[in-house]
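K.L.:
Could you put the whole structure together from the sequences, leaning on the hints where they help?
There are 4 protein chains.
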Amino acid sequence: MKPVNHVKVQPDMKINDLILQMKEGAGFGARRLAEAVDIFESMIKDQDTTIFLTLAGALIPGGMRNIIAEFIKNNYIDVLITTGAILTHDLVEAFGFRHYHGRADLNDEELQDKGLNRIYNILLPNEAYIGLEKRITKILGTINLESVSTRKFLYELGKLLDDKNSIIKVAADYNVPIFCPAISDSVLGYHIWSYSQLRKVPIDVLKEHKEIVDIAFESPKKGALICGGGVPKHFVALAMQVTGKGLNYAIQITMDRPEPGGVSGASLQEAVSWNKADKAAKKDDVICDITIALPIILASLMTRLKNYQRKRKIFEFYE
Amino acid sequence: MKPVNHVKVQPDMKINDLILQMKEGAGFGARRLAEAVDIFESMIKDQDTTIFLTLAGALIPGGMRNIIAEFIKNNYIDVLITTGAILTHDLVEAFGFRHYHGRADLNDEELQDKGLNRIYNILLPNEAYIGLEKRITKILGTINLESVSTRKFLYELGKLLDDKNSIIKVAADYNVPIFCPAISDSVLGYHIWSYSQLRKVPIDVLKEHKEIVDIAFESPKKGALICGGGVPKHFVALAMQVTGKGLNYAIQITMDRPEPGGVSGASLQEAVSWNKADKAAKKDDVICDITIALPIILASLMTRLKNYQRKRKIFEFYE
Amino acid sequence: MKPVNHVKVQPDMKINDLILQMKEGAGFGARRLAEAVDIFESMIKDQDTTIFLTLAGALIPGGMRNIIAEFIKNNYIDVLITTGAILTHDLVEAFGFRHYHGRADLNDEELQDKGLNRIYNILLPNEAYIGLEKRITKILGTINLESVSTRKFLYELGKLLDDKNSIIKVAADYNVPIFCPAISDSVLGYHIWSYSQLRKVPIDVLKEHKEIVDIAFESPKKGALICGGGVPKHFVALAMQVTGKGLNYAIQITMDRPEPGGVSGASLQEAVSWNKADKAAKKDDVICDITIALPIILASLMTRLKNYQRKRKIFEFYE
Amino acid sequence: MKPVNHVKVQPDMKINDLILQMKEGAGFGARRLAEAVDIFESMIKDQDTTIFLTLAGALIPGGMRNIIAEFIKNNYIDVLITTGAILTHDLVEAFGFRHYHGRADLNDEELQDKGLNRIYNILLPNEAYIGLEKRITKILGTINLESVSTRKFLYELGKLLDDKNSIIKVAADYNVPIFCPAISDSVLGYHIWSYSQLRKVPIDVLKEHKEIVDIAFESPKKGALICGGGVPKHFVALAMQVTGKGLNYAIQITMDRPEPGGVSGASLQEAVSWNKADKAAKKDDVICDITIALPIILASLMTRLKNYQRKRKIFEFYE
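Line by line, the protein sequences give chains A, B, C and D. Under the working numbering, the residues of the first sequence are numbered 3 to 321, in order. Under the working numbering, the residues of the second sequence are numbered 3 to 321, in order. Under the working numbering, the residues of the third sequence are numbered 3 to 321, in order. Under the working numbering, the residues of the fourth sequence are numbered 3 to 321, in order.
Calculated directly from the structure, the hints in this document are not laboratory data. From a predicted model like this one, the values you see are computed outputs, not experimental measurements. Just so you know, not all the hints are guaranteed correct.
One copy or two, either will do: identical chains are not told apart, so a pair holds if it fits within one copy or between any two.
Subject to a maximum C-alpha distance of 25 Å in a straight line, what follows is the list of computed DSS-like cross-link-like pairs (lysine-lysine) [stated by the list, open to error]:
{"#": "1", "residue 1": "Lys16", "residue 2": "Lys308"}
{"#": "2", "residue 1": "Lys161", "residue 2": "Lys313"}
{"#": "3", "residue 1": "Lys116", "residue 2": "Lys281"}
{"#": "4", "residue 1": "Lys25", "residue 2": "Lys10"}
{"#": "5", "residue 1": "Lys247", "residue 2": "Lys116"}
{"#": "6", "residue 1": "Lys25", "residue 2": "Lys281"}
{"#": "7", "residue 1": "Lys75", "residue 2": "Lys16"}
{"#": "8", "residue 1": "Lys166", "residue 2": "Lys10"}
{"#": "9", "residue 1": "Lys212", "residue 2": "Lys202"}
{"#": "10", "residue 1": "Lys116", "residue 2": "Lys223"}
{"#": "11", "residue 1": "Lys136", "residue 2": "Lys212"}
{"#": "12", "residue 1": "Lys171", "residue 2": "Lys75"}
{"#": "13", "residue 1": "Lys315", "residue 2": "Lys75"}
{"#": "14", "residue 1": "Lys116", "residue 2": "Lys284"}
{"#": "15", "residue 1": "Lys161", "residue 2": "Lys136"}
{"#": "16", "residue 1": "Lys10", "residue 2": "Lys75"}
{"#": "17", "residue 1": "Lys212", "residue 2": "Lys161"}
{"#": "18", "residue 1": "Lys313", "residue 2": "Lys285"}
{"#": "19", "residue 1": "Lys140", "residue 2": "Lys212"}
{"#": "20", "residue 1": "Lys4", "residue 2": "Lys166"}
{"#": "21", "residue 1": "Lys10", "residue 2": "Lys47"}
{"#": "22", "residue 1": "Lys212", "residue 2": "Lys247"}
{"#": "23", "residue 1": "Lys212", "residue 2": "Lys171"}
{"#": "24", "residue 1": "Lys140", "residue 2": "Lys171"}
P.N.:
Structure, rendered in structure tokens:
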């Protein structure tokens, strides 16, 4: 048995050094956070592994836009699975609008009058949505697609964006597919529907199944960093379930609880029974706010891997 | 100021009598649970109000199938918004398979070997999924639809089911529309995709937007019981947002927290800033396991309304 | 394997009938709530069992005063372990003051000006504390004790109270010992200290150890209903630990999480490693607001046991 | 309004640089964590401020022993308020025993057989408790105290310890008083009681009231870092309440929720109504595992204050 060494910190300490301290020195949440970095490092160095990043929650209002983009730019992930809200928030910023610092106890009736939409302690002005409508409608008019997968649609959309910080654009530039099974449930989805009233329907969400299942079949090993639960977590798990071979590496960061039975709070251990995670999988549940844990994990990885270049998996899609 | 009267209980006490005690007698969660019943009763008696029920989480493995069906049969709701997993679990039972009692600490590696999939303390055998595939494939072969809304598809599907306890069937029989924006992200969605490889694509999830937006516009007032968060919560809120008029009544039951910023844990108060809830809305966040709170709310409503017949709202859809 | 039967409810349904439905019909929190009633019923009918009730949290502001008193009056418990705050809140009400309904989003700066102290959605006026000081000082002047256990002190205090709804008085009347290891950390404790400036120190908290350890040794079996965590939960567990024989029945109701490692959120399963719970113990963690779960458990027990009279354990103390 | 800038990270990034990024760049938990550092820095530089550190939870099994000691050694705190369990765990290590890394899903029945006590994912062997009993009994025999405050007792105890990493010893060496109102509720408290069977009672917990109240009265301003809730949080708040002047700075780190009404999860905003926190107080609730947040806060402070020497407040006690 290894003793708990107790975490030591110093002035000017680096993040990765703290994580190394937490691995040997701490229990509870700190050790799990440290193990997340180790598991991610392992799956990066295991060249057979295709790495999925799933995103749910208000991560862009929460300030994680660059962090997510860096996971792509550093070749730390191969596939992105996300919600329509995250795509919408990314577009809002891509079109020049911003999220703003607020407080959780602001008066919501007054905010409504001022046209400020609150996301816990963050604010998004109505004008962002008005701007989004104008810009996305214009862009959609230039996309000539019919019933393609959301992955294909988002790739084409990304190619048309100018903002080099946009996750959608970065993913397109780096050829990282984005899946968004619930794209319809978002302001973006609503505008796609509006557009489809006059033109052909650009997307067929069902087509994502073939694409993610092909990825799962083609990948000797699979790993996932699951940020938040919801549809993105469920969708990667579903791909494992239907292909009959579970994740070899799995990390989830969530504040949801397992006891009420929902998929968002479900433990990765539970995933083993479904073969959504392999019996021998390295697994780690980090119970933490994603805005705290995710930058720490990324900074630690960038430190450990600064002289290591991972080769990203490239998948061919037939449309 | 009203004093806290302290809850009193007796042998053979009725659920609604406890709720009445909790209203005057308790604080914290108990008072919020009691207020949920009051708000639901108010919106039932406010005949201008269209009532939405949103469902997320493993509610059918959790034993809530009859409870949900009774909300429909009693005309307590007009519109259902749900996840693909809930539809899948409903079909599994409609086709004669069952969920089983287990424990949260069972060995998941052994469960995998036995073909038993764990959902916290509930088990679902693999054979249910095998059976589902057979049956749904057969049914899909008899549905001759092309690019209809999920609502329309689920209505036709419900008409073809035999199990009188099926939520999908009961909803069809009672003409309660079911929306499922993320249907693709489910085993059901996967089978719809498989089917669409050979036949026409039966569904176009985008079409739900028109239908729910029409409902929102046609409804003088709107209320919602939000069970769990996720896409169903977000989708009803989105319909309010794009139509510019918030919910007049809103109850949510969740164990998620607001602080990490995700929509599932977001307070109903926050919804006011977005005009997803009206400034004057009656609102109530119940922080409780849905399997505990939902049957209590229903039993209390059935007691209070046993001599009251609500007229359900019927909406016309143009396909 | 037993199938999940799905909960059924009817108008005028009784609480215990719902609990019976939840036992067979539900998973997740509902089943655990139902199991709590079964385990409590078992330990009541197991005549070898001494039953501890531990209380932490603002249960009296939350309206649980009668509920707790009824556990005593029905002979459902033998020993009470509580916090100083619960005793303080009980005295506040015993002296004629009340807690009031408020809201969680009231302006706390204004409440401070108005002399209203907020406990989430409940308010307690400053005058209650002023009144408490006057009355308790007077009563303490009539108690002629020196360095007795808190149990003895609270027994004598209870005998001097008039309010028949007071938990302290009911416990004294029914000869149910109250332990309060952290009594010093409360307004009551502060007043005992003030009093001890002029007179002898009435209490010696250490003496509780002998008394609870004696109870543990004398009891062939032991059970506990643990409401909230904190010192009361820890103290009963400590008595088990030092006597080397764990609880045979254990139920806890809490909203705290296990992952951060604190005792309040720790699972009852973990207690087995310490022999704080017996290997063969019937155990049940109910993740629920106590104000919801506790009245339901009591009402169900009163229904099941209306023709059953449990004999309370009486312990001799040598001072 | 300030825009959310999005957090940027680099290889070899320092912890404080990440915190600075989180302040401007993030919302939700990350911003709150960053604000905690700012508030702590402010109260350190506000020389009128007496700083309290309250500790609850299994922080020493969790690896926070050096972190806590460093808060003392760096003169970042003036007063420590803690639980008996934390003192017990500190003594266990001071006497040469260790906590060990385990897993949350180990078999607790087998652990019981092996004499390994589990604290979530940490293990403590029974031999530590046997060793503790021997050593503390011996030390108690050399302490000739009667009815002193726990603060005085812990000071004398600290002077007798050899382990330079012991929090109790470091606090004694640095003249930082430790209060422990619930000391009785711990293995240490149990041994003090055993000892008092033969000798005089060494401690009178009530006497802490005078000492902490004197500190509160003598301090022009007051600040607190509240780690976990329970008695330590309540005790510092109580001192504020009875002296009628609230905290000027307050940070809490907890995973408990506010909705069920318990003091551990209560927001610092609520404390304003009680005047436990001043209306103008700088306040910050960090919803995070303490083992993650506390080392980050300390490392950031040590970086910012490496050229700043805070003068610790020294209080005179009359025994």
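K.L.:
None of the hints should be skipped; say for each whether it holds.
P.N.:
Here's how the hints hold up against the structure:
{"no.": "1", "hint": "Lys16 to Lys308", "in the structure": "both (14 Å within a copy, 15 Å between copies)"}
{"no.": "2", "hint": "Lys161 to Lys313", "in the structure": "within (22 Å within a copy, 51 Å between copies)"}
{"no.": "3", "hint": "Lys116 to Lys281", "in the structure": "between (53 Å within a copy, 13 Å between copies)"}
{"no.": "4", "hint": "Lys25 to Lys10", "in the structure": "both (12 Å within a copy, 24 Å between copies)"}
{"no.": "5", "hint": "Lys247 to Lys116", "in the structure": "between (51 Å within a copy, 16 Å between copies)"}
{"no.": "6", "hint": "Lys25 to Lys281", "in the structure": "within (23 Å within a copy, 31 Å between copies)"}
{"no.": "7", "hint": "Lys75 to Lys16", "in the structure": "both (22 Å within a copy, 21 Å between copies)"}
{"no.": "8", "hint": "Lys166 to Lys10", "in the structure": "between (39 Å within a copy, 14 Å between copies)"}
{"no.": "9", "hint": "Lys212 to Lys202", "in the structure": "both (22 Å within a copy, 16 Å between copies)"}
{"no.": "10", "hint": "Lys116 to Lys223", "in the structure": "between (51 Å within a copy, 23 Å between copies)"}
{"no.": "11", "hint": "Lys136 to Lys212", "in the structure": "between (33 Å within a copy, 19 Å between copies)"}
{"no.": "12", "hint": "Lys171 to Lys75", "in the structure": "within (11 Å within a copy, 48 Å between copies)"}
{"no.": "13", "hint": "Lys315 to Lys75", "in the structure": "within (13 Å within a copy, 50 Å between copies)"}
{"no.": "14", "hint": "Lys116 to Lys284", "in the structure": "between (49 Å within a copy, 22 Å between copies)"}
{"no.": "15", "hint": "Lys161 to Lys136", "in the structure": "within (18 Å within a copy, 41 Å between copies)"}
{"no.": "16", "hint": "Lys10 to Lys75", "in the structure": "between (32 Å within a copy, 13 Å between copies)"}
{"no.": "17", "hint": "Lys212 to Lys161", "in the structure": "within (23 Å within a copy, 29 Å between copies)"}
{"no.": "18", "hint": "Lys313 to Lys285", "in the structure": "within (23 Å within a copy, 46 Å between copies)"}
{"no.": "19", "hint": "Lys140 to Lys212", "in the structure": "between (30 Å within a copy, 21 Å between copies)"}
{"no.": "20", "hint": "Lys4 to Lys166", "in the structure": "between (46 Å within a copy, 22 Å between copies)"}
{"no.": "21", "hint": "Lys10 to Lys47", "in the structure": "between (28 Å within a copy, 24 Å between copies)"}
{"no.": "22", "hint": "Lys212 to Lys247", "in the structure": "within (16 Å within a copy, 39 Å between copies)"}
{"no.": "23", "hint": "Lys212 to Lys171", "in the structure": "within (23 Å within a copy, 29 Å between copies)"}
{"no.": "24", "hint": "Lys140 to Lys171", "in the structure": "within (17 Å within a copy, 42 Å between copies)"}
Hint compliance for this structure: no hint is broken.
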